[in-house]
Structure formats: C-alpha cells, structure tokens
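Respectively, the protein sequence lines represent chains A and B.
Its first residue numbered 1, the first sequence is counted upward by one per residue in my numbering.
Its first residue numbered 1, the second sequence is counted upward by one per residue in my numbering.
I should point out that these hints are in silico values taken from the structure, not numbers from a laboratory.
Using N, Cα and C, we set each Cβ at its ideal position, and we do this for glycine too.
Misleading hints may appear alongside valid ones.
Unchecked claim - Just so you have them, the derived chain B footprint on chain A, three or more residues with Cβ under 8 Å: (1) 157 to 166; (2) 226 to 233.
To be verified - Calculated Cβ distances over 12 Å to all of chain A for the following chain B residues: (3) Ala4; (4) Ser28; (5) Tyr29; (6) Gly34; (7) Ala48; (8) Gly67; (9) Val93; (10) Ala103; (11) Gln115; (12) Ile116.
Listed below are the residues making up each chain.
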Amino acid sequence: MLQVSIYRYNPETDAEPYMQDVQVDTGGKDLMVLDVMELIKAQDTTVVYRRSCREGVCGSDGVNINGKNGLACITPLSEVVRNNKLVLRPLPGLPVIRDLVVDMGMFYAQYEKVQPYLQNNTPAPAIERLQSPEDRAKLDGLYECILCACCSTSCPSFWWNPDRFIGPAGLLQAYRFLADTRDTATEERLSRLDDPFSVFRCHGIQNCVNVCPKGLNPTRAIGHIRNMLLSRAT
Amino acid sequence: MVTAVTSMGRSGLYDWLMQRVTAVILLSYFLLVGWVLLGGVDYASWKALYSHTWMRVFSLLALLSLGVHAWVGLWAVFTDYLTERLMGTTGNVLRFLAQVASALIMFTYVIWGIQILWGL
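Modelling step: build the complete structure from the supplied sequences, incorporating the hints.
Structure, rendered in structure tokens:
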C-alpha cells in the first residue's frame, strides 16, 4: 500500500489547509501519479484536482510531487517515490482555490504581458509568410511550452514578485516571438522588457530548467533576451 | 514595463551590467590583495604598496564598485522581501527605510575609505 499525503483545503468548510493521509493500493504497478490521484478520488470523491488529456500535452495537472513540481500524468511513481511515501501539494506560490487546484490568474496575466502572438504589419503575402528551415529551427525548444506553470511556480523570484516579474514561462514565450523572423515587433517587445523586474528578476538559479516536464530551458531563453537588450543598448 | 524609482539606474539592463562589471573589478581586487597577503606582508611593505597612486586608485575603484554592487544586490533583496504584497503599506515604509539606511552606510564607507587611502 502506497502511503499518500495529500493537501486538502475547501474554503467553504475548512478554516485552514491540512494534509490528509490516504493509503492507495497500486497493485504493485509503476503507475503514474495521476493514476494514484484517480484512485484517491475513487475512495474520496471530494478530492479536487485539474486534469484533462492525461498524456502531458494539455498542462492541466501540474502539481507539487514530493517537493518537486511536475505533471502528474507523465510522472511515474518510480521516479519520485522514496520509502513508499508520496506527498501531493498544489503548485507553490499561487492562491489555492481548493485542494490541488490553484488560481492561475497571476500566471496568465504575465503571459498576456508578453503579447504571445505573431505581430507583423507588413502586407500579408498571397499564401503564407515563409520561413527558412534554419529560421524555423530557432523556435525549437521554445514553441513546445504547454503553460503548465511548473516552472514559474518553482521560481522564488516569481513567488515574491508575481505581479512584476514575468517568470520563466512568460519569458520563454517572449523569446519565442523575439526569435521569430516573421515577427516585426522586436523593438517594441524589447522596450517593454527593459525594466528592473520583468526580465532581470531572474537570478539564473535554474529551478525552471530543473522542473520543466517538456525538458525546455527558460534560463537559456532569458539569457538570449538579456543579450538582445544588451546589444540593442550598447 | 514596470517602473522602479529606487533601483540603481532605473533600467534593469543598466543595473545588471553594473553588477557584472563591478563583480569583475571586486574579484580582481581581492585576488590581488589575497595574492599579496599570501606572499607575506609586514607593515613597511603594506604601507609601500598603498603609497602607490595606482593602488589607491584601484582601491577606491573597488570601494565604489562595492557600493554599486551592494546597492543593486540589496535593492533586489529588499524588493523581494519588504513589499506591499507581503506586509501592506508597512512593507513600503520598511523598504524605503532599509534603502536609505544602506545608502547612508555605503556613502559613509566610501568617504571614510577615501580618508584612509589618502591619509587625510
């Protein structure tokens, strides 16, 4: 029996959050953490969490698993469980709505700030804006982000300044459009980032790189943004 | 664009660059001082070293770098932990006081350092 400790909080009935101990029969199989959460829900239907695709594509089930953020659906127990103990908590730093469900409002507000869409005011060509394979390759490692918020909610700078620091997820997307040869708003994008908080709250501790379930590297993208700001200003 | 009136240069890039440049200056200064100390010093050779104008200039440069470096670094610490988000208006008052206090301390050290270096 797997010993699971799960964070519970229902603002309508609980004065404060508490950890609930649950025993789960995994049948000796190396289940995904999400499977365990489903088994818990079968025992106690009041447990609440987000999930959707169950295959690491939608980014709904980002949770803190034994102290490390990750997607429950693609994290096998063998990767995280030590001494038969599994601790599940909501993503840190965001307000908890209920149990493992957090309010992603602040996270999305920062994402919105980087204007994550292609901007190009030149007349559109007849068919499409073409890009060379080399230029397209610059977007690899950037476009794959699924906005699960595992990175930003593992970042202390984002914990302390979620209203002013864009955070690793937002900055990865900022660079995705800065690096896109079809986007013509580079100058305006950089101007909006050149303050002491938006980019420069990153102190390069790489928690984001450590937790990204898609294996992306926001710290490297932030370094590229810094270099673009530097070469623009010198 | 987030505005911040108390940061070093009011631009994230400027602060970042200043912190990197001053870090290199501080590192080279402390490597030099460490290297001299490891070679063994007495009062006479220490005094002789600091009688060179280049050493006094380098020392003053290191001292000013320390002030800038500390300002950028402490500003980041204060704006992390003493904030309106964490403790309401009290956070703003405490942060401002902390910043004024650290500015006064740095200013005092710089003037005091000039006095020591040039034996005024």
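Now the hints, each set against the structure:
Coverage of the segment 157 to 166 of chain A by chain B holds in this model, with 5 residues showing a Cβ closer than 8 Å to a Cβ of that chain against a need of three. Only residues whose beta carbon comes within less than 8 Å of a beta carbon in chain B count, and the segment 226 to 233 of chain A has 4; three or more means the coverage holds. A cut-off of 12 Å between C-beta atoms contradicts the statement that Ala4(B) is not in contact with chain A; the least separation is 5 Å. For Ser28(B), the non-interface assignment is confirmed: its Cβ lies about 22 Å from the closest Cβ of chain A, beyond the 12 Å cut-off.
The Cβ of Tyr29(B) lies farther than 12 Å from every Cβ of chain A, with a closest approach of about 23 Å, so its non-interface assignment holds. Listed as outside the interface, Gly34(B) is consistent with that label: its C-beta sits roughly 26 Å from the nearest C-beta of chain A, beyond the 12 Å cut-off. Distance check on Ala48(B): its Cβ is at least 40 Å (rounded) from any Cβ of chain A, clearing the 12 Å threshold; non-interface status holds. For Gly67(B), the non-interface assignment is confirmed: its Cβ lies about 18 Å from the closest Cβ of chain A, beyond the 12 Å cut-off.
At roughly 18 Å, the least C-beta separation between Val93(B) and chain A is larger than 12 Å, which holds for a residue marked as non-interface. The Cβ of Ala103(B) lies farther than 12 Å from every Cβ of chain A, with a closest approach of about 16 Å, so its non-interface assignment holds. Annotated as non-interface, Gln115(B) keeps its C-beta farther than 12 Å from every C-beta of chain A; the closest such distance is 33 Å. Against the 12 Å criterion, Ile116(B) stays outside the reach of chain A, whose nearest CB is about 33 Å from its own CB.
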